[in-house]
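Chains as they are written, first to last, in the numbering used here: chain A, 3 to 267; chain B, 3 to 267.
Hints are computed from structural coordinates only; laboratory data are not their basis. Note that the structure is predicted; figures quoted are calculated from it, not measured. It is possible that some hints are incorrect.
[Claimed, not checked] For lysine-lysine, the following DSS-like pairs were computed, each having C-alpha atoms within a straight-line distance of at most 25 Å:
{"no.": "1", "chain 1": "A", "residue 1": "K54", "chain 2": "B", "residue 2": "K54"}
{"no.": "2", "chain 1": "A", "residue 1": "K54", "chain 2": "B", "residue 2": "K130"}
{"no.": "3", "chain 1": "B", "residue 1": "K214", "chain 2": "A", "residue 2": "K54"}
{"no.": "4", "chain 1": "B", "residue 1": "K54", "chain 2": "A", "residue 2": "K60"}
{"no.": "5", "chain 1": "A", "residue 1": "K46", "chain 2": "B", "residue 2": "K54"}
{"no.": "6", "chain 1": "A", "residue 1": "K60", "chain 2": "A", "residue 2": "K36"}
{"no.": "7", "chain 1": "B", "residue 1": "K195", "chain 2": "B", "residue 2": "K130"}
[As the list claims (entries may be wrong)] Away from chain B, derived, C-beta distances all over 12 Å, residues of chain A:
{"no.": "8", "residue": "K16"}
{"no.": "9", "residue": "L80"}
{"no.": "10", "residue": "L102"}
{"no.": "11", "residue": "N108"}
{"no.": "12", "residue": "K113"}
{"no.": "13", "residue": "D133"}
{"no.": "14", "residue": "D155"}
{"no.": "15", "residue": "F188"}
{"no.": "16", "residue": "L194"}
{"no.": "17", "residue": "T210"}
{"no.": "18", "residue": "K214"}
{"no.": "19", "residue": "G230"}
{"no.": "20", "residue": "A242"}
{"no.": "21", "residue": "Q249"}
{"no.": "22", "residue": "E256"}
In this text, a Cβ means the ideal position worked out from N, Cα and C, and glycines have one as well.
Number of protein chains: 2
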Amino acid sequence: MVRRSLQVFKIGGKVVEDEAQLTVFLEAFSRLSKPKILIHGGGKWVSEMCRKLGIEVKMVDGRRITDAPTLEVVKMMLAGVANKNVVSKLQGFGCNAVGLTGADGNTILAKKRPVKNGMDFGFVGDVKKVDGRVIRNLIDAGLVPVFAAMTHDGQGNLFNTNADTIASAVAVGMSAEFDVELNYCFELNGVLKDIKDPLSVISDITETTYPKLKHQGIINSGMIPKIGNAFDALKAGVKAVRIMNSQHLPKLAEGGEEVGTVIRK
Amino acid sequence: MVRRSLQVFKIGGKVVEDEAQLTVFLEAFSRLSKPKILIHGGGKWVSEMCRKLGIEVKMVDGRRITDAPTLEVVKMMLAGVANKNVVSKLQGFGCNAVGLTGADGNTILAKKRPVKNGMDFGFVGDVKKVDGRVIRNLIDAGLVPVFAAMTHDGQGNLFNTNADTIASAVAVGMSAEFDVELNYCFELNGVLKDIKDPLSVISDITETTYPKLKHQGIINSGMIPKIGNAFDALKAGVKAVRIMNSQHLPKLAEGGEEVGTVIRK
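Full structure from sequences and hints, please.
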């Protein structure tokens with residue numbers, strides 16, 4: 003049996019919350035002809051709304067501490083505003099999107115992150131299981147799943163979960179049936195040889211070249227965990243991981259393979 | 003071919019926004035064995051959040067005027083908080099719910115309500131078309147669609163739409179393939195002979211008995227448009243319309259047919 007291809011994309015709050023950038027991305031996304039899935043964040047809006055409502059914003063190492071009032075705001079801004087904006091815009095481009103959280107269709111089951119060394123992240127979930135079967139049924143019905151970065155525990159509780167982590171878990175979960183390419187979109191053009199030169203994109207990284215690049219200090223410290231996660235996804239069955247600028251998706255949609263940095267085994 | 007049965011339920015904000023009432027309803031809903039769909043409102047939360055954010059609440063004849071800032075709050079509270087609370091609670095009861103707006107899967111297409119006599123309702127949509135095929139695909143995949151009362155125009159715009167209207171449109175739209183029962187849940191036990199006696203429920207109303215009940219003044223003025231809409235749904239293919247107390251769903255789930263008022267041709 004020929005395995006089908008699937009493209010998984012992750013965009014962060016910076017793209018979702020910028021009308022012009024979001025339009026460029028979604029218009030190109032809608033033109034991709036292979037089966038596809040989009041995962042989005044929207045953290046800045048959550049922080050802004052917390053401030054408007056007098057809810058303290060607490061971050062530890064870039065991760066949000068999600069107490070009960072903050073969880074309500076995550077539902078509002080992520081599952082509500084961000085997700086429905088993306089879905090309705092995609093519909094406007096003729097792409098039959100369906101917005102989901104991990105609770106919808108029981109697609110992404112998680113467990114509350116345990117308290118460790120007295121540190122309680124609150125309603126933050128660590129992914130336990132992705133139900134690839136439900137997601138595949140949606141794709142086979144001609145729908146394009148669009149995930150807000152939320153999960154649930156199957157006991158009635160919703161959780162805030164990092165969008166990068168969800169993208170990786172969904173990509174791995176779909177790898178049993180599809181040849182999956184996982185695309186992380188951000189504001190840089192890819193992994194850069196020289197952080198000051200936006201054109202110095204390293205076009206590909208493999209298990210062979212990675213140690214060398216790291217050793218030479220070419221890959222900077224901020225990039226190391228991202229690339230480590232990419233290799234983990236590859237080990238778990240994902241075919242390729244791309245790190246790219248969200249605004250370069252039109253190039254990719256037009257068939258250009260030379261976009262961003264592609265990480266392969 | 004044997005036609006399948008489908009039960010469509012509508013609950014209002016009063017049920018969605020009351021933890022205890024919502025739990026009674028959803029626990030029973032999860033036990034209904036036939037294919038089913040839930041439509042919910044959540045208007046009180048929208049008004050409360052508008053007030054918190056300093057957005058003026060404007061209602062005309064009980065209908066919300068939805069300007070751009072109010073539409074954001076509708077996305078937040080209806081598609082975000084209310085919808086995801088219902089979905090995650092249903093998952094907790096073992097019911098594989100999937101939350102939707104009319105934009106998701108292009109299920110409910112609408113057009114902006116035209117300005118009439120200088121009256122502009124803003125981002126309020128009148129339903130044009132329900133895509134029964136997508137909804138049936140979800141049901142056939144073992145999912146239970148849960149609609150927040152929002153629609154879209156297919157051009158990127160979301161609308162606020164009355165939940166009763168959506169319930170009726172979905173019930174009619176599904177009638178091509180299913181024998182549909184449409185259930186409106188509210189705080190009374192049904193259509194009452196005597197509004198002061200909660201036990202005086204009229205168990206059934208037909209095209210034959212309705213004019214008599216109306217003539218005798220037994221059906222009060224507030225009920226007349228509701229029953230008029232029910233007969234419209236019956237004419238458009240729905241098999242039966244029930245008006246019932248949301249807190250009596252456990253009785254219905256246990257096989258009791260004698261719940262609320264059933265309206266048939």
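List of violated hint numbers, smallest to largest: Result: hints 2, 3, 6, 7, 9, 10, 11, 13 and 14 break, sorted rising.
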